[in-house]
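So you can see what is in the structure, the chains are spelled out below.
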Amino acid sequence: MDKTVERKKLFRVFLVLVAAVILEATSFIQFRSLFDTARRAAQKNAEHILVTSRYAILDVVEQAEQAIRDNMWIARWCLQYPDSLVSVSARIVENNRAVSGSTVALVPGYSRKFPLWAPYAYLSGNKIEYTTLATATYNYPNQPWFTKALEKGEGYWSEPYLDEGGGNIMMTTYSMPLKDRAGKDAAVITADISLDWLSEHVGKIDSYDNAFSILVSRNGLLMVAPSDSLSMKMYLGDLAANMKDKVHFHELEEGMMSGKTGEVSIKGKHDTFHVYYSPISRTDWSMAVVFPDKEIFEDVRQMGLMAALLQVVGLLMLFFILRAMAKSWVDYQKARDNEEHMESELQIGRDIQMSMIPKNFSFPERTDLDISATIVPAKQVGGDLYDFYIRDEKLFFCIGDVAGKGVPASLVMAVTRSLFRNISALEDSPKVIVEGINWGMFDMAESEMFVTFFCGVLNLEDGLLTYCNAGHNPPLLFTDKIEMLPVLPNIPLGIDLGMEFEGQTIQFHNDDAIYLYTDGITEAENADHDQYGLARMQAVLHERRSAQEHLDAVMASVRSFVGEAPQSDDITMLFIHYLNKKQRTDVMEKHLILHNDIQQIPQLAGFVEAIAEQKNIPQAMTMSLNLALEEAVTNVILYAYPEGTDGLVDLEAILRDDSIEFILSDGGKAFDPTATPDADITLGVEERQIGGLGIFLVRQIMDRVLYKRENGRNILSMTKNI
Amino acid sequence: MEVFIEKENNVTTARFVGRLDTPASQEVSKSVEPILEDPSGTIVLDCKDMEYISSSGLRIFLTIRKAAASKGGKVIVKDINNDIRQVFMMTGFLNLFEIQ
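Residue numbers (the working numbering), protein chains in the order written: chain C, -17 to 704; chain W, 34 to 133.
Everything labelled a hint here was simulated from the structure, so no lab data went into it.
Please note that a few of the clues may not be correct.
[Stated by the list, open to error] Derived Cβ-Cβ restraints for the label pairs, each shown as a range: (1) W:Gln133 x C:Glu443: 54 to 64 angstroms; (2) C:Lys134 x W:Ser62: 46 to 56 angstroms; (3) C:Asp639 x W:Pro67: 47 to 57 angstroms; (4) W:Gln133 x C:Glu669: 20 to 30 angstroms; (5) C:Asp639 x W:Lys40: 50 to 60 angstroms; (6) W:Ser62 x C:Asp662: 15 to 25 angstroms; (7) C:Gln520 x W:Lys81: 32 to 42 angstroms; (8) W:Lys81 x C:Lys166: 32 to 42 angstroms; (9) W:Thr96 x C:Trp55: 38 to 48 angstroms; (10) C:Leu620 x W:Ile38: 21 to 31 angstroms; (11) W:Lys81 x C:Trp55: 36 to 46 angstroms; (12) C:Ala164 x W:Lys40: 41 to 51 angstroms.
Computed from a prediction, not measured in an experiment: that's the story for all the values here.
Each residue gets a CB set at the ideal place from its N, CA and C atoms; glycine is no exception.
Based on the provided sequences and hints, a complete structural model is requested.
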């Protein structure tokens, strides 16, 4: 009996020891996994910060680049009259909030009359001031913004520099070489943007107390740094002195300076830093997010300490609760397995989704297509899809959204996508393709899943777009305006397997585009559960950009609207821009800006000449258009602005297939030339009035003349049918 | 734009060369002042080398025509090209001048 008791006791002690070992091992594993979770969370956060900051920066960068692009034509035009170049600079500054200064600087010797010429317009308070950069001390032809732009033959972002005249603000300059009509380098056109918003946008990291961002220029200058004593004064390399671990610091330096993306951990003097970095395209800047080791793991370490203490207490009690502990541990293990299982299931779903999507958007051999697409999966795998490819000079494309989430949705998405590929390999008609996919789909009625789907086939030779919509939200059509593509109300796929669908067609012209999207964009919600909506999206798409830039801009806009709220649905977009130069150009715009000086009138002749050449207008009509414009412009120059004051006259021509519309606008006093009575041309010599012929001629020559007063401006629209 | 004025007997000839647009008209209105001082004879406005005319140019022509009419003079417009003829037609000037 004694022996049995003894054995039982020994057995219990043994069990406690085994359990203690198991417990320690478990808590060690747990501790490790907590570390990993914290590390992963930091990594995720860093990626998120890098992406949002990049979009914020590129947004401003884009504004400056766009300002230059928009004004290249005018600047090229003004090359013949260098003294009018200042109006181009003024216009760039005036019309672009991001731009604080601008010049069009002539290549030395380009103009015989003005061997050195660089009028500079800049914002001082709310006013535009003017000065010249063609001074002996500044010597603009030696400045990097000037030389680099010419050397590279493309847009160039300068190193950041201190603008000593403008209150010590950090600036950077975007400069672009300007060729004249003969293709000769004529000038460099620039836009300055101030960088004082950078620290605002880039510096802050809300979720961690001691984490920070740094931004370095292509030469390694610290543009944003945790302390003011560093930023814009020190270089990344200068920080090496503070690092124990020089090897990894050099790895970081090299990675950032060569525009790579990566992560590295570096031992500093007091702490270890975990650094995540990524380049900002176009500007050659690189950004890094830095988390001190303490910051990431402090909580975990404290928890570990607490756990160890509790274990000591727990071990004392273990003898009594041994069985219960063992049981709960088994339960815990089960739950953990299950969770991991789910996690990996989602990962598989996401992997399937991403692997089936075309990622190479450029068809380098094609000049008639600018295409870009993006898909941003939500955390919970959804079922968005898109696809496109070219066969027999036809672009086949589709977008779809599976109603439902998780792995089942991503499988349906995979099936839909492979049906699309297989059927469209043999079939050209979207109607037939859509019916085929619908028919080939397994019956999803029970799973309550269905797919909204849009399929299009664009004939690249003649621009004919045939399409079939199965319950997807209508794409946007870009012609000279943006509108919804008309779609028939077909039901989604997977509801009625024998369903017949109706197809539609529309004629695409050169420069038309189509933008397809899923409701993950319009229904993206911010923290207050407001939806992003169609109007915001359309407002972003209004500007003229490349396909990729369009998608980036929408994404940036959605991100800034949504803020910190989690993404609940996949976001998918597809932008197709058709550029068939062989087709006739339908709409084109030309611009001319004049001062209110009668001596500027001869510029009109060249302006009209260029349009006439473009549209093959006969000589007689060219002259009468010149005459009408001269009369209308003279009228503004002589009467709109008070004598002796400087004012601008803006003339825009919109060239359409069958007409040219000239829009003349000025900020002078209100005057409606269409309200004056016609001159009486039947009167004899004595009665004939000397004046009043100018406006009469405008009305005689033009087919339609309309006047309106808008925002304090006179706007006269004159249309000539051709 | 250049104007060459010659006077032979009773005939004053003004030869216009180039584009008679608004800025040019400001100078031309000065150059033709001698004609306006004595508009009694025959005035020939030679437009063979005139490429273009705007309403301010037409005003100069009309001023000359009015001055001549008041003194019983005669104004002949010579060799206008088809484009300018079109402008003369639109403005009713074809009826005001003797066109050769």
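- Task: Could you check the hint for me, namely that Lys81 (chain W) and Trp55 (chain C) are 36 to 46 angstroms apart, CB to CB?
- Result: Once the Cβ atoms are compared, 37 angstroms apart, the range 36 to 46 angstroms for Trp55 (chain C) and Lys81 (chain W) holds.
message: Given the hint of 32 to 42 angstroms, is the C-beta distance from Lys81 (chain W) to Lys166 (chain C) inside that range or not?
response: The hinted range 32 to 42 angstroms holds for Lys81 (chain W) and Lys166 (chain C), with Cβ atoms some 38 angstroms apart.
Check: So does Gln133 (chain W) sit 20 to 30 angstroms from Glu669 (chain C), Cβ to Cβ?
Finding: This hint holds: roughly 25 angstroms between Cβ atoms.
- Message: Just to be sure I understand the hint, the distance between the Cβ atoms of Ser62 (chain W) and Asp662 (chain C) should be within 15 to 25 angstroms; is that true here?
- Response: Holds: the Cβ-Cβ distance is about 24 angstroms, inside 15 to 25 angstroms.
Take the C-beta atom of Lys134 (chain C) and the C-beta atom of Ser62 (chain W), compute their distance, and say whether it sits inside 46 to 56 angstroms.
Given a distance of about 53 angstroms, which is inside 46 to 56 angstroms, the answer is holds.
**Asked** At the C-beta level, are Thr96 (chain W) and Trp55 (chain C) separated by a distance inside 38 to 48 angstroms?
**Response** holds (40 angstroms)
Mind checking the hinted window 21 to 31 angstroms against the Cβ distance between Leu620 (chain C) and Ile38 (chain W)?
-> Holds, since Leu620 (chain C) and Ile38 (chain W) (Cβ atoms, about 27 angstroms apart) stay within the stated range.
Is 32 to 42 angstroms respected by the C-beta to C-beta distance linking Gln520 (chain C) and Lys81 (chain W)?
At 58 angstroms between Cβs, range violated.
Can the suggested window of 47 to 57 angstroms be confirmed for the beta-carbon pair Asp639 (chain C) and Pro67 (chain W)?
holds (52 angstroms)
* Asked: Okay, Gln133 (chain W) versus Glu443 (chain C) on CB: inside 54 to 64 angstroms?
  -> For Gln133 (chain W) and Glu443 (chain C) the Cβ distance comes to about 57 angstroms; the hint holds.
Is the distance from the Cβ of Ala164 (chain C) to the Cβ of Lys40 (chain W) consistent with 41 to 51 angstroms? holds (47 angstroms)
Between the beta carbons of Asp639 (chain C) and Lys40 (chain W), is the distance compatible with 50 to 60 angstroms?
At roughly 54 angstroms between Cβ atoms, Lys40 (chain W) and Asp639 (chain C) fall inside 50 to 60 angstroms, so the hint holds.
Checked against the numbered hints above, the structure violates only hint 7.
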